[in-house]
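Chains A and B are the protein sequences, given in the same order.
Residue numbering for the first sequence follows the working numbering, starting at 51 and increasing by one per position.
Residue numbering for the second sequence follows the working numbering, starting at 17 and increasing by one per position.
These are calculated hints, taken from the structure and not from any lab test.
Careful, some of the hints might be misleading.
[What the hints assert, rightly or not] Incomplete in silico selection of chain B near chain A, CB under 8 Å:
no.	residue
1	W150
2	E170
3	P179
4	T180
5	D197
[As the list claims (entries may be wrong)] A few chain B residues that don't get close to chain A, going by computed Cβ distances all over 12 Å:
no.	residue
6	R46
7	F54
8	D97
9	P100
10	P175
11	R176
12	A195
13	R202
14	A214
15	G217
16	R236
17	F256
18	T258
Each residue gets a CB set at the ideal place from its N, CA and C atoms; glycine is no exception.
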Amino acid sequence: MADDNSKVTCANPECRVGETGKCVEGLVLSECPHYGSAQESAEGIEGIEDQADTGRREAITLPSGELLSVKEAASLLRRGEARVIALIGPTEAGKTTLVASLYDLFQRGPVDDFQFRRSETLYAFERGCHEARAASQRATPHTKRTPIGSGVGFFHLGLCGAKDVALEVVLSDRAGEEYRAAGDDPSVARDFTEVLRADVLTMLVDGERLLDLGARHNVRSEVEMTLQALLDGDVLSEGQRLAVVLTKADLIEESAQRDRANADFTRLAENVRRLFGSVFRTIEPFQVAASPSTTIVPRGYGLSDLLGFWTAPTTIVPARVLPLRLPARAMERIQAVRDE
Amino acid sequence: MTERSTVICGLPGSGKTTFLAALWHLITAREIDTALRFGSLRNGDSAHLNAIASRWRNAEAQERTAVGSLRLVSMNLVAGDDSPMRLTFPDLSGEAYRRMWEERDCDADVADVLIAGQGVILFIHADEIQAPLWVVDVTDLTRRMGLPVEEGQEIPWSPRLAPTQVQLVEFLQLLRSPALDVRAQRLAVMLSAWDKVASEGRTPETFLNERLPLLDQYLRSGAGRWDWRTYGVSAQGGDFATDAETLRAKDRPSTRIQVVAGTQESHDLTEPLAWLMG
């Protein structure tokens, strides 16, 4: 609201154009019928309650719709059947793009057997999708990088699967540089709570870098070193599953290096199986094109298969049963029971 | 007399005030049989309702509801079982609802109204749905039309750019959030300007499923615990810019109103209200 001494005024008592320079109705100032006029009295029409002029109460703060913190995600997981998906990979591998594109598929309808139920992070999803949407006026889709040092946050998708079973899916979002740093120093991985709690680890392999002859061997090495760092950092848990995901499959499909890149990925997945097969319950390879820049493959290509893997039933790891050692003599057995 | 209140909500320009104007004409004119009937003018001033109904009868567009004003209007009605009721509606600017999505807060007075409402009417302008178009599809279409694909002046993200269905799902989720936790169970989804999309041959339910699939999935999943129905509504009866003379020429203005539920059509705007209050 412009104060009495301000030159900038608006007839609308809600408008703070004097402070913000912006019309509360989102209009260009020259088009706003209230701008420049003295403030209207909020006096109501007789018989109609018009409360604009009554004492102001504080506005009620609503949920932010932003990424969930570890605590918020944990609270959500307690509400029912849930899966935690840790997305791991180097910078620009396409972690945020993959999650944002999966969400965007639900904008067009159910994805295979899954229907959208709800989401506590719609605001964050929308920001993540913007540069792949026509509203951005871009000619090629893009996704903003997750900033370094922002720690981990979680996207949330509440889904409804076959037989109407509700499932909460939380998907981690952490800057790729932090996973890379763990390859240099596994103690860094100890802060990766999303990995420790994950039902499914999803290791992203940058398809664009795999096409680059100079980078292909480093791609394989980075994947193996990151997984090794998670293992040595003691953040892997029993019963976890691993998806090894080749991203940007559209670029590979269009490339003259396609066969070589596909063979490289197959070898990479085999190596991961050989090295870490005993660590994970299952290891599966996938190929996706979350946000292709051409129509050679559809947007979200491969995501429904990955979603199926993510949401597969979890295995309850049986509690370790210690062998029962009974004393040989009856009196000693009675004594043991008394001691308990 | 039973006191009832219903929340009328929707994004700016979704037809909330036009609905109130047409409803007030329908009830006071008593030209056709309706589920809820006129009771009396007692205990209230109908100046605002008379003013907007007058514009409606003249086939003139309604003025935008001023941002920040919280105007409550009441109607004395009689239900099908002859029981009297006083039904109160807020006539709120769509900006109040948009603010909940964009600024993540809610005016305390607006919150009171939302929490107290026994039913929710959610208006969606059927012909002004902001769909989530993808860059890749638009670029491909441009190329296929033989036009050059040019990088435009990139537009930074703003929550206002979000698809209509996302803003509406979030609005309904926020109504159920602990911060508001509204009491209403019944929700009438009103697809306004139905006359503009009726030629597409869809029922309101099919329209919701095909044009607003995220909202449709949310409602069908039961996550919001809504008991909901979908209606196609043409409260104006046509486009005032092109059809005003035809609309004014009707002998019984109430017949301008079109309400579609499933495959059934009527002029009775009170039918969704009667269901909400049931």
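Checklist entry - Where does the structure disagree with the numbered hints, that is, which hint numbers, in rising order? => result 4, 5, 10, 11, 12, 16
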